[in-house]
Each structure stands twice: as C-alpha cells, then as structure tokens.
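Q: Could you put together the complete structure from these sequences and hints?
2 protein chains.
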Amino acid sequence: MTTETKLVRTQGVTAAAGFRAAGIAAGIKASGAPDLALVFNEGPDYAAAGVFTSNQIKAAPVLWSQQVLTTGRLRAVILNSGGANACTGAPGFQDAHATAEGVAAALSDWGTETGAIEVAVCSTGLIGDRLPMDKVLAGVTEIVHELAGGLTGGEDAARAIMTTDTVPKQVALHHSVASGENWVLGGMAKGAGMMAPSLATMLVVLTTDAVASADALNSALRRASTLTFDRLDIDGSCSTNDTVLLLASGASEIQPSQSDLDDAVLRVCEDLCTQLQADAEGVTKRVVITVTGAVSEQEAVVAARAIARDSLVKTALFGSDPNWGRVLAAVGIAPVTLDPQRISVSFNGSPVCIDGAGAPGAREVDLSGEDIAVVVDLAVGDASASVRTTDLSHAYVEENSAYSS
Amino acid sequence: MTTETKLVRTQGVTAAAGFRAAGIAAGIKASGAPDLALVFNEGPDYAAAGVFTSNQIKAAPVLWSQQVLTTGRLRAVILNSGGANACTGAPGFQDAHATAEGVAAALSDWGTETGAIEVAVCSTGLIGDRLPMDKVLAGVTEIVHELAGGLTGGEDAARAIMTTDTVPKQVALHHSVASGENWVLGGMAKGAGMMAPSLATMLVVLTTDAVASADALNSALRRASTLTFDRLDIDGSCSTNDTVLLLASGASEIQPSQSDLDDAVLRVCEDLCTQLQADAEGVTKRVVITVTGAVSEQEAVVAARAIARDSLVKTALFGSDPNWGRVLAAVGIAPVTLDPQRISVSFNGSPVCIDGAGAPGAREVDLSGEDIAVVVDLAVGDASASVRTTDLSHAYVEENSAYSS
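Chains as they are written, first to last, in the numbering used here: chain A, 1 to 405; chain B, 1 to 405.
Read the hints as simulated data drawn from the structure, not as lab findings. A quick note: this is a predicted structure, and the numbers were derived from the prediction, not measured.
Chain copies aren't distinguished; within one or between two, either way the pair holds.
Below, a list of computed lysine to aspartate or glutamate pairs in the DMTMM-like style, where the Cα atoms sit at most 20 Å apart:
no. : residue 1 : residue 2
1   : Lys285    : Glu399
2   : Lys285    : Glu398
3   : Lys6      : Asp263
A: Written out as structure tokens, the structure reads:
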C-alpha cells in the first residue's frame with residue numbers, strides 16, 4: 001500500500017474532516033484586532049492529547065486544560081489573545097473554568113450537547129491581569145455561530161491567536177493512500193517556543209480526521225514535541241502558557257499505524273517550528289545549531305541549547321561575525337562531556353575551528369545570508385541533535401522593551 | 001584593639017607595601033593603546049592564591065597559571081589585553097610559558113632572581129588567535145624597567161588590561177590598627193563577570209602587604225569569589241580566561257586574623273564587583289536581583305541567576321517597564337522549590353505581586369532611574385541571596401555585534 005503525502009500551508013485546523021473553527025474580535029485586545037478563536041470537533045471521535053509548559057508557574061488555562069486532558073477527550077478548544085490569565089490566583093482559575101462553561105453552554109444551545117470538561121482553554125498575552133470576562137463570555141456565545149469548515153474557519157482562528165506574530169501559521173499534511181482512502185493532519189501555531197524557549201506563549205492546536213486513541217495521540221505528540229518545539233529556543237525564556245493540543249475526529253474512518261501517525265505529527269510540528277522560528281521577534285537570521293559526536297543525544301541537546309542561548313554568540317551572528325571563539329566559550333560552560341583539544345566547528349559548511357584551534361580562513365567565512373548553520377563536533381561519541389534559534393538583534397530589544405507582553 | 005578601615009578608589013595593586021606595577025603599550029593591540037601590565041611582589045613573602053574560570057574550555061594562560069599556583073607562591077603577574085590566547089592549542093600554551101620565562105629572565109637581569117614557575121600569566125581579548133610573541137617578549141623586557149610603586153604603577157597597570165572597559169577599576173582598603181600598625185589590601189579589575197557571567201574576560205589582581213599563608217589567602221579568596229564575582233551575571237556567558245589572583249608580600253609585618261583577612265578580601269571584591277557592574281557593556285540600568293525565602297542559599301542563587309539571565313526580564317528593565325509577570329515566568333523555570341501561590345515580588349520596594357497575583361498599582365511603579373532592586377520572596381524557606389546584573393540594551397547588542405571580542 002503506497003501512501004503519498006502533501007504538505008500545504010494555506011490550510012490549518014480545519015483541513016481535517018470533522019473540524020470547524022472561527023476567529024473573531026471579542027474586544028479583549030484594546031486594538032480591536034481578532035482575539036478569540038474556537039476549534040470544534042464534530043466527531044464521531046473525540047480523542048485528544050496535550051503537552052504543556054514545564055514552567056512551575058502555570059497559567060490558569062494551563063491548569064484547567066491539564067485537568068480536562070486527563071479524560072483523553074476534547075470537543076472544543078477556546079483560545080484568546082490579549083491576556084495570558086497567568087498569575088491571577090484563584091479568581092483567574094475561575095475565569096478559565098467559566099470560559100469553558102460558557103463554550104459548553106453555547107455549543108449545547110447550538111445543538112451539540114457539550115460539557116465544560118470537554119473544553120480546553122488557551123490564553124496568551126500579558127501576564128498578571130484578569131481577563132475582561134464580560135467580553136470573553138459575550139464573545140464565546142457569538143463565536144459559536146461563526147464556526148466554519150474549509151479554508152476560512154481555520155485561517156480566522158489562526159489570525160485570532162496572534163500577538164507579536166506578523167503572519168498566521170498553518171499547515172496541513174494530506175495522506176492519499178493508494179486504495180483511495182485519505183486522511184489529514186493539520187494545525188495552527190502562534191508565538192515562538194515551548195518547554196524551554198519562547199518569547200511569548202506558544203500555542204499550537206493540531207487536528208486530524210484519523211481514527212486514533214488518546215494513548216496513540218499522546219505518544220505521537222510527546223515524541224514530536226521533544227524533537228521539535230523542545231528544540232526551538234529563541235531566547236531561553238519559557239512561557240507560563242505554552243500548550244500543544246492534538247484532537248482526532250475519526251471522520252476519515254482510517255486508522256493509521258502508530259508509526260504513520262508519529263511521522264505525520266512530527267512532520268506537521270517540524271513545519272510549524274520552522275514557521276515559528278522564521279517569525280520570531282526581531283529575527284534577522286535563522287540559525288540551526290547542530291552538535292555531533294556527543295556521548296548521548298541528551299548531551300547533544302544540552303550543548304546545542306547552551307550555544308543557542310548564548311547572548312555573545314547571538315549578537316555575533318546578528319553582526320554576521322564568524323566569531324567561533326564565542327561558540328567554544330559557550331559550549332565550554334555546558335555540563336557535558338568534552339575534550340577541548342578535539343572540538344571542531346563549522347559555519348555554513350566552512351571549518352572555522354579544528355581540534356580546538358582556529359582553522360585557516362576562519363575569520364573570512366561569509367555569514368551575511370539569512371540562514372546560518374553552526375555545526376559543533378565534540379568528537380567524544382556518536383550522538384547528535386539540533387536546536388533552532390535566531391540572532392539577538394536591535395529589533396528583539398526594541399520589541400521586548402517597548403511592548404508589555 | 002580597634003581597627004579602622006578606609007576604602008579608596010584612586011589606588012589599586014600598588015597600594016599595599018611591597019608591590020610595584022607598570023602598564024605599557026607593547027603593540028599587541030592594533031590601536032596602540034596600553035596592552036601589557038606587570039604586577040611585581042618585592043616580598044619578603046610570596047604567598048598567593050587564585051581562582052579561575054569554570055569553563056571547560058580554558059585559555060592557555062589559565063592552564064599555565066593554575067599550574068603555577070599549585071606552589072602557593074607568586075613573584076609576578078604578567079597580563080595582556082589585545083588577545084585571549086584561548087583555543088590556540090599546544091603552540092598557545094608554549095606562548096604562555098615563553099611569556100612567563102621572558103618575565104622571569106627580565107626580572108632576573110634586573111636583579112631579582114625569578115623563575116618562570118613564579119610568574120602567573122593572564123590574557124584577554126579575541127579568542128582563537130595566537131599572540132604576536134615578538135611584541136609580547138619585547139614588551140616583557142621593557143616593562144620591567146617601568147615598574148613603579150605609589151599611584152602611578154597601579155593605575156598604569158589597571159589601564160593596560162582594559163578592553164571594552166571605559167574606566168580603569170581599582171580599589172584599596174586601608175586598615176589602621178590602634179597600635180599604629182597598618183595593612184592594606186588593594187586590587188584592580190577589568191571585564192565584567194566570573195565563573196558563570198561575563199561579557200569578556202574578567203581579570204582581577206589583588207595585593208596585600210599582610211602576612212598570610214597561601215592557605216589563608218586561598219580560603220579568603222574562594223569565599224569572597226563565591227559571594228561576589230560568582231554572583232555578578234551580566235549575560236550568562238563565561239569566559240575562557242577569567243582569573244582572580246591574590247598576592248601577599250608580608251611587607252607590613254602584620255598577620256591579620258583569618259576573619260579580618262576574609263572580611264578585607266570580601267569588601268575589596270564587592271567593591272570591584274560594583275565597578276564591573278557599573279561599566280558592563282551597554283549597561284543603562286544597574287540591577288540587583290534578591291531572592292528571599294528560599295529553602296537554601298544555593299537555591300536562592302539559582303533562582304536569582306535565572307531571573308538575572310532572562311532576556312525578557314532584562315529588555316523590560318531596559319524599557320523601565322515594571323513587567324513583573326516576566327519575573328515570575330523566569331523564576332518558574334529555575335530548578336528550585338517554589339509554590340506559585342506564595343511568591344511575592346517587589347520593584348524598588350514597591351510590591352508588584354503578592355502571593356502569586358498582581359498587587360494594586362503594580363503597572364505604575366517607576367523604574368526610570370538607573371538602579372533597580374528586584375526582590376522575589378519565595379516564602380518556602382529562610383535562605384536568601386543576591387545576584388547583580390544589568391539590563392539588555394541596544395548598546396549591548398551594538399557593542400557585541402560590531403566588536404569581535
């Protein structure tokens with residue numbers, strides 16, 4: 001059985017059969033921009049899985065959604081920008097709960113019996129302020145009537161969750177099986193980061209019409225997150241609100257193998273990661289740090305992350321300066337096994353450091369382009385890993401000093 | 001016996017009896033600025049101690065000086081700016097060794113029999129290039145003839161080790177004992193950081209005319225470094241060359257108690273730390289992050305450091321934005337015991353977050369001044385610690401993207 005796949009960036013959460021979505025301006029943002037999104041699963045299945053921020057300070061909607069996900073089942077996800085509902089105490093948790101109740105009531109009135117326990121809540125925006133609940137609850141009632149499939153609903157939702165994002169981020173992976181059966185996995189994202197990284201909250205909602213159990217979804221989502229969002233590190237900061245959800249409607253009536261499901265979730269997450277990296281705050285360079293020759297994949301990630309987070313490396317890359325010494329200084333403070341005499345480094349394929357000392361022509365390597373590949377070979381083992389990051393630019397400082405986010 | 005102390009910033013390594021110093025332009029820097037310094041101990045004692053970078057990638061002069069310090073004895077310290085002699089392989093180590101040999105030969109010719117094993121070497125500048133040894137060795141011969149006591153020698157030395165520093169950094173602590181006996185501990189510093197922090201290399205040389213064993217010096221220096229340089233964290237980067245040396249001539253013939261010695265070394269290191277922080281690259285705000293109510297001092301340091309390194313906190317402070325939510329998000333990713341419902345935060349004494357939620361007026365706190373005190377009370381224990389840092393400004397990005405350091 002041959003499967004052909006096609007990746008499309010003009011579709012997102014409504015690419016898969018059984019899903020509708022909407023995005024509206026509910027008045028949460030002072031600007032009047034869209035700020036409320038709803039993703040609705042029409043079934044017949046409601047299996048779901050989620051991964052959440054590893055920050056010990058978790059926003060109220062994260063605490064709520066973690067609780068909801070223990071059932072392995074979701075009918076809907078309500079998302080708002082314009083406020084994180086984080087560090088808002090017990091009243092903030094009640095707000096998240098009330099939002100889910102509001103969505104459940106509106107969906108029930110609309111003809112789909114839904115309980116609050118089937119509704120995940122995601123928020124993004126400034127930490128520390130209560131949400132304007134009158135606007136949120138009015139918006140929740142309104143948005144149910146805007147639910148649409150096809151291109152429109154998904155794109156409206158993707159736009160309504162944007163904060164400092166400059167473009168909506170969507171992707172859909174279509175699987176055409178030779179037998180004529182098709183299934184789709186799509187998704188949307190905002191922000192730039194995950195369990196460790198981030199500028200602002202990263203929110204991701206993935207949907208599929210495949211038939212899959214909550215366990216199967218959970219396994220695929222955890223594996224993919226570890227390999228993608230966990231390795232996107234823009235500035236080392238980690239949001240209180242980061243959430244990745246995966247919902248399956250089963251509407252295609254096709255049950256892919258676990259490995260096909262794993263592969264699809266990984267590919268969609270990888271693509272969304274690329275989009276998040278490209279639209280990170282203040283980015284002028286897209287940087288991939290790859291560490292090879294580590295004693296374990298874990299150490300390769302730790303070493304790559306240490307380099308990706310180093311302000312001196314990031315400012316040098318902003319200046320297109322092949323300052324490889326800063327890469328060595330950065331990896332030297334990572335708690336990993338290394339031998340200073342054996343480390344080699346290349347920039348965009350040109351060797352700049354061999355066995356711990358400078359290579360001929362190292363200072364002349366051209367880093368003026370937008371994409372920079374840094375490869376560090378520790379030469380003490382066989383494991384490798386890559387972390388995506390960006391440079392540290394004036395625009396990053398400007399955006400984050402002028403915008404209370 | 002009453003001891004009076006006086007802290008003076010116009011004196012440095014030559015404030016203590018028994019020390020001479022010099023600083024010259026040896027041609028290592030292309031600019032022609034001073035780039036070579038020598039600190040010479042005339043005795044009668046030669047006890048010494050040192051602490052060095054914790055970076056696994058250690059520059060050749062660090063490897064040399066660590067070896068030298070195993071003897072607990074130093075006659076001289078030669079320091080150069082204009083090149084770090086790091087990541088230069090075996091030839092770089094030979095250069096550091098040859099420099100020490102050159103100093104020993106020049107001092108011996110000058111009438112003071114000295115071995116290379118009595119000469120520590122410190123370097124700062126760009127990582128990865130060999131030093132111009134012809135200039136270094138000619139400079140070493142010349143500088144011995146420039147050695148001077150009093151104000152001049154110390155200040156010349158302090159100026160010759162500057163890289164991106166805008167001012168020389170010196171301090172001397174004078175102890176006047178009622179009996180009429182006096183002893184002095186002085187020092188100089190360049191750079192901004194230590195075991196974890198830094199922009200560029202931090203080099204510190206402390207001198208005292210007290211009588212003290214190498215063990216006593218070592219104990220005082222390690223304690224003081226842990227409480228001061230280790231808690232100065234400008235940008236989380238850690239140099240390959242960081243070095244702090246303490247030399248005792250015994251010329252005062254006074255042997256202070258260990259606790260008096262500890263106290264003096266701590267006060268001088270604290271003062272140099274303040275000077276390093278104030279002159280950090282691109283600084284517009286001097287920030288002290290204090291964590292109280294931690295379960296241990298170690299966890300208080302870890303939590304304070306996580307906040308001090310957070311790019312979103314640092315850019316908010318650059319913008320004078322009392323964005324306390326970013327402080328909570330930053331401490332939440334620190335691997336420390338905390339309870340999100342109990343954390344309180346104040347900015348410059350004004351509460352901005354109480355028990356994990358916003359305090360009234362939090363968004364109106366004035367952070368427009370140059371000094372910002374952030375206090376985070378975890379309220380889970382009794383331990384506390386402070387970390388000094390700075391904001392993340394346009395000037396930081398400019399300096400580090402335009403200057404290959």
